[in-house]
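Counting in this note's numbering, the sequence shown runs from 10 upward without gaps.
Hints are computed from structural coordinates only; laboratory data are not their basis.
Take these hints with a grain of salt, some might be off.
Taking lysine to any residue and the SDA-like style, the derived pairs with C-alpha atoms no more than 25 Å apart in a straight line are [unchecked claim]: (1) Lys56 x Asn129; (2) Lys98 x Asp145; (3) Lys86 x Leu100; (4) Lys131 x Ile147; (5) Lys131 x Val46; (6) Lys131 x Tyr52; (7) Lys56 x Cys163; (8) Lys15 x Val28; (9) Lys56 x Ser128; (10) Lys86 x His73; (11) Lys131 x Glu85; (12) Lys56 x Tyr126; (13) Lys18 x Val46.
What follows is a set of in silico ranges between Cβ atoms, one per label pair, in the way DEER data are often shown [as the list claims (entries may be wrong)]: (14) Asn129 x Gly19: 37 to 45 Å; (15) Glu72 x Ser50: 27 to 35 Å; (16) Val30 x Thr117: 52 to 60 Å; (17) His64 x Arg161: 12 to 20 Å.
The beta carbon of each residue, even a glycine, is placed where N, CA and C say it ideally should be.
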Amino acid sequence: MEIRVKNEKGLTLVELLAVIVILAIVAAIAIPAINNVIDNSRYKALKADAINVIHAAQFYFMEHPTADQWQIVEVEKLVSDGYLDSAGKILEADKEGQSANVQFIEGTYYFNAHAIYYSNGKYINFDNATLQHIADDIRKGSKGTGGKCIGRDCAASP
10 MEIRVKNEKG LTLVELLAVI VILAIVAAIA IPAINNVIDN SRYKALKADA INVIHAAQFY
70 FMEHPTADQW QIVEVEKLVS DGYLDSAGKI LEADKEGQSA NVQFIEGTYY FNAHAIYYSN
130 GKYINFDNAT LQHIADDIRK GSKGTGGKCI GRDCAASP
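Turn these sequences into a full structure, and let the hints steer you where they fit.
Here it is in structure tokens:
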């Protein structure tokens, strides 16, 4: 009696479909998680850019002192005068013709920039934001043109 061993190489169609279904489930779980990581990274990068702008303005105001209790400098001027190498996406800020700026009022630095797009239809607004406001922010950005607001004048913001 002769015993024949079948030479079974490869996958059956059912096995192949099972692998595809498993990969689809893994992708369905992983892709939204990856998108959230990307959104959070862009959001944090924008906050870091805002902090850099405030620090650059501090140097600017130290080198250009006045007797006034209120001073303002545009972010574009900080870049053009060499106080800031790059402002990142902050120079894209524009709402009703307002440009991004830092105000120095009675010893406190306030950063203003509006409607800065950062990811998936999400925007951020800095409305009289101090370093402390930016550091304390743990919320995510919001969809739509209103956007997420950071700063002392954000009481009506979501």
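Verification of the supplied hints:
Note on Lys56 and Asn129: the hinted pairing holds, with a Cα-Cα distance of about 17 Å set against a maximum of 25 Å. For the suggested pair Lys98 and Asp145, the alpha carbons sit about 21 Å apart, so the restraint of at most 25 Å is met. Restraint check: the Cα-Cα separation between Lys86 and Leu100 comes to about 11 Å, which is no more than 25 Å; the hinted pair holds. Of the pairs offered as hints, the one joining Lys131 and Ile147 holds, with about 15 Å between alpha carbons and a cut-off of 25 Å not exceeded.
Taken as a hint, the Lys131 and Val46 pair is honoured in the structure, with Cα atoms around 14 Å apart against an allowance of 25 Å. For the proposed pair Lys131 and Tyr52, the alpha carbon gap of about 9 Å is at most 25 Å, so the pair holds. Taking the CA atoms of Lys56 and Cys163, the gap is near 16 Å; set against the 25 Å cutoff, the hint holds. About 24 Å separates the Cα atoms of Lys15 and Val28, which keeps this hinted pair within 25 Å; it holds.
With a C-alpha separation of about 14 Å, the suggested pairing of Lys56 with Ser128 holds against the 25 Å cut-off. A distance of roughly 13 Å separates the Cα atoms of Lys86 and His73; the hinted pair therefore holds under the 25 Å criterion. For the hint pairing Lys131 with Glu85, the CA-to-CA distance comes to about 23 Å; that is within 25 Å, so the pair holds. The hinted pair formed by Lys56 and Tyr126 meets the criterion: a straight-line CA distance of about 12 Å does not exceed 25 Å.
With a C-alpha separation of about 41 Å, the suggested pair Lys18 and Val46 falls outside the 25 Å cut-off, and the hint is violated. For the pair Asn129 and Gly19, the supplied restraint of 37 to 45 Å holds, since their beta-carbon distance comes to about 42 Å. Hint check: Glu72 to Ser50, Cβ distance near 33 Å, so the stated range 27 to 35 Å holds. Between Val30 and Thr117 the Cβ separation comes to about 58 Å, which falls inside the hinted range of 52 to 60 Å.
For His64 paired with Arg161, a C-beta distance near 19 Å keeps the hint of 12 to 20 Å intact.
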